[in-house]
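Participant: These are the residues of each chain, in order.
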Amino acid sequence: MTTLTLAKALNEGMRKAMEDDPKVLVMGEDVGKLGGVFRVTDGLQKDFGEERVIDTPLAESGIVGTAIGLALRGYRPVCEIQFDGFVFPAADQIITQLAKMPLRSLGALKLPVVVRIPCGGGIGAVEHHSESPEAYFTHTAGLRVVACSNPADAYAMIQQAIRCDDPVIFFEPKRRYWEKAEVDTAAAEEWFPLDRARVVRPGTDVTLLAYGPMVKTCLEAAAAAEEDGRSLEIVDLRSLNPLDTAAIAESVRRTGRCVVVHEAPVFGGFGAELAARITEECFYSLEAPVLRVGGPSTPYPPSRLEEHYLPDLDRVLDAVDRAFTF
Amino acid sequence: MTTLTLAKALNEGMRKAMEDDPKVLVMGEDVGKLGGVFRVTDGLQKDFGEERVIDTPLAESGIVGTAIGLALRGYRPVCEIQFDGFVFPAADQIITQLAKMPLRSLGALKLPVVVRIPCGGGIGAVEHHSESPEAYFTHTAGLRVVACSNPADAYAMIQQAIRCDDPVIFFEPKRRYWEKAEVDTAAAEEWFPLDRARVVRPGTDVTLLAYGPMVKTCLEAAAAAEEDGRSLEIVDLRSLNPLDTAAIAESVRRTGRCVVVHEAPVFGGFGAELAARITEECFYSLEAPVLRVGGPSTPYPPSRLEEHYLPDLDRVLDAVDRAFTF
Amino acid sequence: MTADASRGAQAPPELVQLLTPEGERVEHPDYDIDLTPEEIRALYRDLVLVRRVDLEAVALQRQGELGIWASLLGQEAAQIGSGRALTDADMAFPTYREHGVAWCRGVDPVNLLGLFRGVNHGGWDPAEHNFHLYTIVIGSQTLHAVGYAMGIQRDGAVGENGAATIVYFGDGATSQGDVNESFIWASVFNAPVVFFCQNNQWAISEPLEKQSRIPLYRRASGFGFPGVRVDGNDVFACLAVTRKALTDARSGQGPVLIEAFTYRMGAHTTSDDPTRYRVQDELEAWKLKDPIERVRAYLFKNQLADQAFFDEVDAEADELGRDVRKRCLEMPDPEPLAIFDHVYTEPHRLMDEERAAFASYLSGFETEEGGR
Amino acid sequence: MTADASRGAQAPPELVQLLTPEGERVEHPDYDIDLTPEEIRALYRDLVLVRRVDLEAVALQRQGELGIWASLLGQEAAQIGSGRALTDADMAFPTYREHGVAWCRGVDPVNLLGLFRGVNHGGWDPAEHNFHLYTIVIGSQTLHAVGYAMGIQRDGAVGENGAATIVYFGDGATSQGDVNESFIWASVFNAPVVFFCQNNQWAISEPLEKQSRIPLYRRASGFGFPGVRVDGNDVFACLAVTRKALTDARSGQGPVLIEAFTYRMGAHTTSDDPTRYRVQDELEAWKLKDPIERVRAYLFKNQLADQAFFDEVDAEADELGRDVRKRCLEMPDPEPLAIFDHVYTEPHRLMDEERAAFASYLSGFETEEGGR
Ligand SMILES: Cc1ncc(C[n+]2csc(CCOP(=O)(O)OP(=O)(O)O)c2C)c(N)n1
Ligand SMILES: Cc1ncc(C[n+]2csc(CCOP(=O)(O)OP(=O)(O)O)c2C)c(N)n1
Ligand SMILES: [Mg+2]
Ligand SMILES: [Mg+2]
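Protein chains in written order, with this note's numbering: chain A, 52 to 377; chain B, 52 to 377; chain C, 423 to 794; chain D, 423 to 794.
The following block holds chain A by itself, in its conformation from the complex:
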């Protein structure tokens, strides 16, 4: 057990993966000497060399496109997209190539490529640096989409993602990068499966579904609600595609109420899939419709407005209250 920040846990996880498998490469803008703008790749180039930790030209399509080629040659590239808002130049390579090539080959090809995306707001940044583009990828068949919410998961999940033979879009909650927790760097074989949701706080009255940065927000809300005598169960989804529907439905059937929380705009966001699916699964158990808490259906605002844009404890509790008015 060591205490690590989430950023450091990712760093250690990648380091471990690179030690375990010489085919693992890290590539992206500024991932080398600088160690990435968030220092998540800090020290890796120093230790593994420029051949394995590659500072690429400044073009995201090129990053993902060449990563695909490297994977075809037997490598396991881990690409860093510098910020969420800059993944879109790579959209074509991700959606039409990375996601579809294994199927196109009838299984002859596998593409173990990880695309790491620091995501979400709350860091006072300028435009394009605070977005939550997960819904673009959860709707893209052929991709796995995961989101870590804490250092221990970050450490394990990045290694699991790298070992996975499918392409994985890996979301990292950038405003939680500096939060610390105990990480058991030894228990490699006992990792919780990458595609499973986890109840991170048991409760009886309402199920809160969250992932990435919002898990902590929900935990805070649960602590506050407890004082009001309300027991919230928090499920950290971890994997968005595939979704652990069984685990979620089990919780919602017990509580009878469900609130979904994410930072992305509500309209067409991933919460819509959660709400639709849960309603279908748990129709007779639901005392209220699944309520969604998310960003307004607008572009991410200037940072002086982000406290109003981002779901916070109050917005979550407000939705919980509303779930009881039905």
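These are computed hints drawn from the structure, not numbers from a lab.
Glycine residues also receive a C-beta, built at the ideal position from the N, C-alpha and C atoms.
Where hints are given, some of them may not hold.
A few chain B residues facing chain C, derived, Cβ under 10 Å [what the hints assert, rightly or not]:
no. : residue
1   : Gly-173
2   : Ile-174
3   : His-179
Could you slot chains B, C and D with the ligands onto chain A? The hints should help.
Facilitator: Same frame as chain A, now just chains B, C and D with the ligands:
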């Protein structure tokens, strides 16, 4: 009143728009002499010249990016993306620039750009030529997203889209291009509003929500269901963003049951938003969960499998049946 | 001759040519090739056979057996010349039109038809032939090729007995961001990759002028690596130029851009109607430069082959055509549940759920005797 | 001096220079400029004032008044030289670092701060100044500029008294697909656009070698239009070269790429720590080429300005700095409901619904005295 195919209705609509406003331009790959691979722009270059109907270099990001620049200079470009699956190279320009620039300018700039996308399957085509990428755009705040389902709407909606000062993603159901109907080319001022849903067949037992190519499929299903004594109401959404929630909710409250139909993969598809929103709006009226009929959550299959992939009359009726088992 | 028709009608001076349209061997200061009669006959055979496969595929499409077909007619020399320059260790990344290259890589022609028939999205194992799947999204394969070449570098497989990558794309593709990014990556990392652009003068209905105002081979100079224009209808020149580029790449000298100056003699695909946008004269001018005729003339004039040889090749071609046709018709449609196969490599819950639900839906029809 | 530090330490032969780092006027066969003393003093004043605004912004960021700032330190001559070459009718498309160009376009420096302070995404009306909004997604503005230039063509505004577009981007940006596509569009349509690349040697931590293995100005040759490299720290040369390029573009001679060879003297942004990736020696070498010092030296040596003038400019700069600071602190935060404004130009139901719901949510707090 004249009888037009859907493709020709679009062609006439664009022609009218170009006559009405010299700032309207048409641009894209092969839109000139060839008239587009579906002939939707047939004859326009001949009549309006190469300055207004522009055969562009082969690059979708370039098409949308330069259209933005033309719009900044006061033009109203109508871009054609040759097939649905080729919109992704333009994803960055659409998502980070086209959708956001008006907000970025605090309203100083408007971007009246229309991006036409022939969409959907059922034409026996190869990969990338049969997709339904609407969910990527409905989740993108700043865009309007519309889908026409018949020649009369096609004629009016394309002109409304071109007149709209917001960017519009305009989906055209390619397998319905050759279907004919009466089009009233005169009634320009009495057009049904672009952002309104329309009940295209009234009914009492279940509400079917559809758009684009699936409207016809639903109408066929309704005819078949009638023989079985079941009355289906079909709502053609027409506008996906903004959504005409009030009209939809009014219908669902009446029928108490709702089935959503689209070709896109169900997981994370636009149907999820419909289901989530309707459930929230109509919770007490729903006798069954909103059921979704769509493509499997896989990439679009080889064409010999598309009849199994695409929702058809049977799949729609199966869902209707299921809605009655709750 | 109209302005249109003059496109490439006279060979530009920078064009590498070793065999004239009339079948005369010419010298080039930088490129030469020394082929045995047997090798030349083998090239001729390749050219004829791939043209025959292509013709058969067009016919199959006309008869409704294929959904669409992208013909290589006119581009045989570019494809056979470059394809025969490859060693087994080299890796090739095609577009959707490289039937001739596929032939050189040993891909069974019938396997090419699966995609166009609509029974799969790609019917061969790329690793088995070192020939990647067809790529339809214009230009995207160029980045894959460069990434693959970077993998070759990391494997230490550059140098003597090294390997290289070749990637095919069209004149239209040169406008895509991806293609230009691939030039950047290749030059910055000095990757062992040969960019093989078949400039067939048209991107569907758009002539080259819509993509570039200068010859395409010169694009490379803007990225700091060599570009060369070769007569794409001259199989000798294509072989020589590609061989040299590959040798250079394999030995660590980095990327090269080859522009094979050729012509799309047919429609863009069987869905296309070129009479809407190009003049017949242009086609006629190019017919005189047919890639097969000139080899035939050369073989004949130099008495390297007799009529019996030509007849034999034609007979083989016919047999191949018949065989391809027969096996095309035999290609089974995939099972409905195949929709869910291979979407993921590892088990995936959603696929399992949807597959099961669909199976049960389908079985409902069986009990209902075919459903409604 | 290390290998790193030698980057650009000696001027490459192809560099257009009219004023040496020591303040000596030199001749160039293709470019010349004839400036009155008054004009030169005005350029000096521009350089000093924009540097001062920049310094103030860095200080404001350090004090928590801005979230981040992208300093132009070292790039003043490139920006003022090119910016002063523009006429009112020309349109400029910046990145996020063109504070000097903004100055030339008459944008109030305080308006630049809104984006970095987080009160808006862009604080001016582009049409008012013919200066587009800052663009953060690397390279995307190049296509906008070309589209705009195509609009100029369609307006018939090319020719005498014509207009042109200039678009700014960095060395790193040259790797983006969009930038290369913009080169294609511009050349194919012969659009009146000047591509102004400020090669400041770094893209955050990546040196130019990660983007190109040849000088960037040569990229243009691959697309068939002229490229020129200018000493980006020489305001005379930047003015002369840009003026000529704009004149050519306006009169219908099509695009030009200008590579302004300069250096990012500061961090990439205030969030960056360049000591992690570059050596101090390099900085020292470039300090000797400071863009302001050489104009000062020239003015001084040629007795075109006296100490009083310099003091006056310094005083003006200090006053400007104070004013910018004061007005920055006064910038109000936007109202929460502004989140919903201007997302759409025309009425949009979802915006109205969400705005109303949020307003009612907020008013809940007011009645609850600030909520939980
Ligand atoms: C990204 C993308 N956009 C559009 C298309 C549609 N399309 C298919 S082939 C083609 C023209 C390609 O021209 P070129 O690169 O010259 O190759 P050729 O077909 O002539 O061999 C186009 C526009 C596509 N496949 N991919
Ligand atoms: C598409 C995209 N990818 C990544 C980034 C993050 N980023 C911001 S500035 C920058 C480096 C830009 O370098 P250059 O083009 O040389 O301009 P400079 O900052 O040196 O002026 C990067 C990678 C971005 N803004 N946009
Ligand atoms: Mg072509
Ligand atoms: Mg730079």
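Participant: Could you run down the list of hints and mark each one as holding or not?
Facilitator: Here's how the hints hold up against the structure:
| no. | hint | in the structure |
| --- | --- | --- |
| 1 | Gly-173 | violated, 12 Å |
| 2 | Ile-174 | holds, 9 Å |
| 3 | His-179 | holds, 5 Å |
Hint 1 from the earlier list is the only one contradicted by this structure; the remaining hints agree with it.
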